[in-house]
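As given, the protein sequences belong to chains V and W, one line each in that order.
Quick note: the first sequence, position 2, residue 93 per our numbering, numbers continuous.
Quick note: the second sequence, position 168, residue 154 per our numbering, numbers continuous.
Honestly, the hints are just simulated from the structure, not real lab data.
Yeah, the Cβ is synthetic: ideal placement off N, Cα and C, and Gly gets one too.
Worth double-checking, as some hints may not be accurate.
Lysine-lysine pairs mimicking BS3-like chemistry, simulated, CA-CA at most 27 Å apart [claimed, not checked]:
#1 V:LYS133 <-> W:LYS124
#2 W:LYS47 <-> V:LYS237
#3 V:LYS133 <-> V:LYS267
#4 W:LYS124 <-> V:LYS237
#5 V:LYS133 <-> W:LYS47
Some chain W residues judged to face chain V by a derived CB distance under 7 Å, without partners named [what the hints assert, rightly or not]:
#6 THR(-5)
#7 ARG(-4)
#8 ARG(-3)
#9 LEU0
#10 ARG1
#11 HIS147
#12 TYR244
#13 VAL248
#14 VAL252
#15 GLY281
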Amino acid sequence: MLALGPVLATAAGVVVMLSAEPADYSDLVTMAPTEVEGWTPKQPDGFYDGSNLFDYINGGAEVYRSFNVQRVLARQYAKPGEEDILADIFDMGSSQDAFGVYHHDMREGDSAGIGQESEYIRGVLSFWKGRHFVSVLSMDETADSKRAVLALGRAIAQAIREEGPAPDLLRLLPPKGRLPQHLYYFHDQFCLNAHYYVADENLLELGPDTEGVLARYRRAKAKDGPQWVLAVIRYPSVAKAKKALAGFLKRYLPDADAEGMAQTEDGKWAGVRRDGAVIVGVFDAPSQAEIQRMVEEVVQAKLCSEKKKECKDEQD
Amino acid sequence: MSKTDGGLTRRDFLRGTACVTIAGTAALPARGQEPAAAPASAPTAKVVLVRDANALDAAGKPNGPVIEQMLDRAVCELLGEQDAGAAWKRLVKPDDTVGVKTNAWRFLPTPEALEQAIKRRVMDAGVPENRIAIDDSKIRSNPIFQQATALINVRPMRTHHWAGVGSCLKNYILFSDKPWSWHEDSCANLAGIWELPAVKGKTRLNVLVMLTPLFHGKGPHHFQKEYTWEYKGMILGTDPVAVDATGLRILEAKRLEYFNEVQSFVIPPKHIRVAEEKFHLGVADPSRIDVKKLGWQDDVLI
């Protein structure tokens, strides 16, 4: 996989060697420039998919596999006297999963204005655009390396021609009080638990055919006021949602009242409610009233979203 | 209400019916749960936290002579000796074969200066150079490690995408012929590795490098310089669980300082508590760990 390949000459006259990439990676190979700010590829590119990504990033691969990673191009750039730069382009198969893998990490940094969403923190650029998630990492930040990292990112983003939609479930999240750095998308139990541990067992019957969004909220004015968690999960059918809810209530909230709410052992409140094929869960809430309010806001947003769809269908 | 059939839930942790925390030792007190007082007969442990403001040079690289001095001071304190040579002679004997298990992770490796300082001290204690090896990924095929009668465990502290934190307990995973088999349940059973024949009873010293610890990880490589800081320290002990538990407290404190809120580890580092409560390998409860602090005390965090 990492065998030496053709020798190429860059526009700057620098000779670089690239590996003989498999044919179906050629689009990714052309996205990554062969020279930027004096950095050139140091060694043959790495090509990975879901089956061998562990070879490259060890346990970190599990997250990308959870989001259906299709192909990965890994290119390492070097420049004399400077730290190396690693550029990784992940083809996630869909823009929703590119969004998901980008938002698997808390995003508290500043936007770099690259791709559809981006973050730059001290030498590390992350962004998603279309079905691609991109990470460009320099070991440390210098003025030169920052310029190179951002230029690399811009070049890759420009080479990704199409944008794509974020998960439509995001529209169901109430904006009021949402903490922007804590916004997550997930399919399975592994990723849900990474953001909010619920249980060892897959009580919500999550899997590749479910999708969920999770956000953290703080509606009190005080900066250190209570935070709580909202999860909205869509199942492939109403029947599956009904079954998941019944199981969750039985195993996690057996003491829930008729509205699916219970006070947990830390004095906070948790509640779940189903609306069609969607389950809305609120955790760590300060009161029953807050759960009711938040669930109602989600249900209203869902209704609105469905009505819009109906209107659009009628127009079609 | 009892534990759910088939696995633990968040509510089990909140009830205190589970033996480990959800997201590190800081998480439960933050949720209003105080840890139960340990019985008087519970085991205790001693670790040494040594720091030096000059442990890194102006470029942030390890300062070899200073690190060697830190190592000597800490080993003397740990063993109650005045002289480093005498202390090391209590750790290794001239007829030992010594494997120094290091860590070569590209983003935050064990500093070579520290590896070499350890090697010098082992040689000073009478072990010939040809019976000392420093290795990481090839330990299972390294003849010195295969014949080792003594191990020195040395690696940097960092967050880890499967174990919550990568520290001394985790550093032995490559002694297993199936490292991936320890990944289940956030690597909860990592201490089981310490019962393997190649390891059991051989570790004489654990050194958790806290020069530039990684307190948060992001992205495919789980590394960003932003989430390291110049703590300029090392934690030493003969009890790997106590060493790791102390390092974890420092990471948790740093995360609280940086994020200005309790920021749970994405993967809970539960293996440290499991190491005590299931495998009885050492002491994880901070209230039973005597932390001797040496040297620079600014922003010590614990």
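Now for the hints, and whether the structure bears them out:
1. V:LYS133 <-> W:LYS124: holds, 25 Å
2. W:LYS47 <-> V:LYS237: holds, 21 Å
3. V:LYS133 <-> V:LYS267: violated, 48 Å
4. W:LYS124 <-> V:LYS237: violated, 36 Å
5. V:LYS133 <-> W:LYS47: Since the Cα atoms of LYS133 of chain V and LYS47 of chain W sit roughly 24 Å apart, the hinted pair holds (cutoff 27 Å).
6. THR(-5): holds, 4 Å
7. ARG(-4): For ARG(-4) of chain W, the interface hint holds, since the closest Cβ of chain V sits about 6 Å away, which is under 7 Å.
8. ARG(-3): holds, 6 Å
9. LEU0: holds, 4 Å
10. ARG1: holds, 5 Å
11. HIS147: holds, 5 Å
12. TYR244: violated, 10 Å
13. VAL248: violated, 10 Å
14. VAL252: Holds - the Cβ of VAL252 of chain W comes within 7 Å of chain V, reaching about 5 Å at its closest.
15. GLY281: violated, 26 Å
Of the numbered hints stated above, those contradicted by the structure are hints 3, 4, 12, 13, 15, listed in ascending order.
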